[in-house]
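Asker: These protein sequences, in sequence, are chains A and B. Note that the numbering used here has the first sequence beginning at 1, numbered continuously upward. Note that the numbering used here has the second sequence beginning at 1001, numbered continuously upward.
The hints are all genuine.
No more than 16 Å apart at the CA atoms, straight line, and that leaves these computed lysine to aspartate or glutamate pairs for EDC-like:
| no. | chain 1 | residue 1 | chain 2 | residue 2 |
| --- | --- | --- | --- | --- |
| 1 | A | Lys45 | A | Glu114 |
| 2 | A | Lys69 | A | Asp506 |
| 3 | A | Lys430 | B | Glu1193 |
| 4 | A | Lys502 | B | Glu1072 |
| 5 | A | Lys45 | A | Glu120 |
| 6 | B | Lys1034 | B | Asp1111 |
In short, the hints are calculated from the structure, not lab data. Here the structure is a predicted model, which means the values were calculated and not measured.
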Amino acid sequence: MLFAQTSTFSGPPVDWFALTPLLILTGGALVIMLAGALMDRLLPKGAYALFTAAVAIAALVVTFVLWDKVMVDGPRQVMGDAIVLDGPGLFITVVIVASILLSALFLDDYLRREGLEGAETYALIIVSGIGGIVMAWSSDLIVLFLGLETLSLALYVLAASHLKRIQSQESGIKYFVLGGFSSAFFLYGVALEYGATGSTRLAVMANFFQTGNPASDKGLLYAGLALLLVGFGFKIAAAPFHMWTPDVYEGAPTPVTGFLASASKAAAFAALLRVVVVAFFQFRDDWRPVIYALAVISLFLGAVMAIVQTNVKRMLAYSSISHVGFILVGVEALANEPTSGQTISRLGYSSALFYLLAYAVIVLGSFGVVTLVGRTGDADHSLDDYRGLSRTRPVLAFTFTVLLLAQAGVPLTVGFVAKFNVISAAVDAKSYVIAILAMLSAVIAAFLYLRIIVSMYLSDPPEDSVLPPVRVPVSAGIGLGIALAFTVVFGFLPNVLVDFAKNAADTLTL
Amino acid sequence: MDTSFPLLTSIILVPAAGALVVALLPKDQVRLVKLVGILFALATAALTIYLLIDFDKSADGFQFVSQHVWIEALGIDWHLGVDGISLFLVVLTGVLFPLAFWGGDADANHDVKAYTGWMLLLEAGVLGTFLALDLFLFFVFFEIVLVPMYFLIGGWGHGQRIYAAVKFFLFTMTGSAFMLVGLLATVFLYRNETGVLTFDVTVIATDQAIAASTTRWLFLAFAIAFAVKVPLFPLHTWLPDAHTNAPTAGSVILAGVMLKLGTYGFLRYGLYLFPDAAHWWAPLFITLGVIGIIYGAICAAMQRDLKRLVAYSSVAHLGFIVLGTFALTTESISGGVLQMVNHGVSTGALFLLVGWIYERRHTREIDQLKGLQRVAPIFAGVFTIVMLSSVGLPGLNGFVGEFLVLIGSFLTARWWVVVAATGVILAALYLLWAYQRVFHGVPDEANRHFPELRLKEGLVMVPLVALIFFLGIYPKPLLDRVEPSVNKLIAHVEAHSDYRQPRVGGEASGG
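With the hints as constraints, model all of the structure from the sequences given.
Answerer: Written out as structure tokens, the structure reads:
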């Protein structure tokens, strides 16, 4: 019996080289855990952060090696069609790994300041990044779900990891309950799609739609698609599935919030793009209106709700919902190519990718500043706590201003190029109304960023202020320097990044 | 005409470099920072004057063109050029900035380094907007000027400075929102017609490949942004707040140069880019312009605050420019261009003078000021000249532009001109009335010690007053350079629409 089993089962051939980014990250996470368990006392301070950063950089390097290979040889399936190595997947890998790198830089001093120093946070960040990469690479709904759960479970723990703040616990529980709920939606959607098509493999599903006659079980198909979109809507935090966002973002340790807004969002978007484009492109006229509605609601709800907040973390949480709306405008555009047939708007696809990368760096930098201004206790996040920051910490205030202006989409920042690309894609697809709506929501959101800038520059510090001065540790300084340089340099010379996103979209396998 | 020296690029980069240098200077060296700021502004002014001298007045196309690929994937270029329409706006900007710097430096009472840096960045942005010949580049400059202006009003302004700064930012950004979509639609529709993806204004404007009915919408998208900037009647409400609360130099630049971004936009990205649509929409914009003339004048007459009065007078003066632009005759457009320069000079000077009054008396309430002529006759004399130029007294610069606009527009928009002409009378009414209340009479206790015009202030005023007389008496050098480009623009409109310029006496030539 045992013999028979082994002889009939032949595992898929494994292309180990293609998996190197994942292997490096997994190895790194294990080493950190081991080191934390065995020799925590012996390590100098900052060792974990430094090691995490090194792992991230190594993963970044091999990702670019793989990128070159994909650009030359074209995309390919690995692990028996379970995952695919292509441009968009590697692009999102870069986003996620860069997020790990920046998060590690911001975590270093934060954990020591808050008395939370330890190996777990770094290991969890890496593990959650691995989950995100699996999501971005998956070409099978089950693998996608595995990635999603790896990402989410690590994030639930991270959100609750500030032991001394009750809000952090609340944030973790809330995220866990609602996240579990959305995973259930997603999984049920997968089940229904399996019922409708007989496969969870995206390419097989698409093929089934093209060759077979899906008319008989369209009900199943639509119900499954709707459930999948709900699951994704929750993960990308698109309105009206955003309810958890402000509370979780506010409660989570601030560097973790940055990671949530960057890597987690990028992974979920990568998966969403792959599913709707690869498996369901045939039905784009059915899901496009849903994306349209999600985009418009997210744009305006995010912008308007952000204005009325007084807590900067909540402001940025709501503004991140508005940014999701912008990315969804790009998603809507890619399905809206006026020409008939299976041609997608590569411009729409690449604009969404570009936005994810630009926003990831900008938002990580922004939450990096918030981390520092939050001071010990991670509690000073009211708008008043920023008053007069330009006097006490002019460079920090200037950095935050540039990052906020980038979020607002002011030219000569990478944020403008991101918005410009998305609006280009929408206009190219003749979605004029949503393009104008998106720009108008950007004006509303600009008011929010101006409020923070006013607080930093144009208001005097409160007379009776008892707050300790803001400290800028070296590691966080490096992180902010990277974010600032990225924002400005690619704002002036976006050529490289535009081509990067364009090439990624061009290698998408349908 | 291509010179080896990248003159236009330098004109933009010199102030930008100045901002960078200022950023690197130590914060407590206030005098050094101020000096460096003025020196960079003067260097820019020198470059613009060199541009004026080197400008070939017989040519009607773009000169000193500089074109380099910027974002290849999208067909975006660093593309600059100057013609008769933008030439004097560039020179005006170059000349006005050092004067605003020097004359308005009392407002730079704290954080001089940041103030100087923002001013120089603002100058680079404004010059870039006038020189850009690439839609993307234009948008970038058009939008980026908001940031320094926002900080200048918010940081160094008076009264409700933060409210004014935010309102200014959001109003202009709303206009830009429409423009960005329209701009991209223009580019992509052009690509759909021709297969070429380019942001080059000259290419898109020359080809006119987009269907006329579509261009009407595209024009409207651009026009909303420009109408906010000018500002045209229903979209003007940001202007009084921004002008009144801005620091003196901010007001000078705002009124002198930045409002022209709107009227210049109408010429370059309205008439030139969408000739047919501009002709089609002309009645609407002429009407809004004329409403602006009358409405601005009435509002100005009602103001108690001297600076607010000058701000509303801008609404009226800019109405003339819009009228001239959309009346589409050689005289009216040339007059409009001249009026842009004239308004920059006279309103810039008026804001400086009002700023100095505020500096002395810490109030701008007309009721609080009285009899200044007795105690400060030279100050009053200069104010009289500048005010009369703003009124449009023949022999001073304000007259030439307004007169050309009115006679030019009379051919194509007769009854509007009849209404607009009353605006000239109203201008005399509100300015003379204000002058009478502020300067005539016997000074009361508070005004008895009003200091006379200082030497520095006099030196700032000398070039402005000289320009007021020179442009009023001998505007020919300007018209000679403006008209070839204007004629070409009108020929362009005629070639691409059913509009024909009416000819009077077979020869149409102003001056």
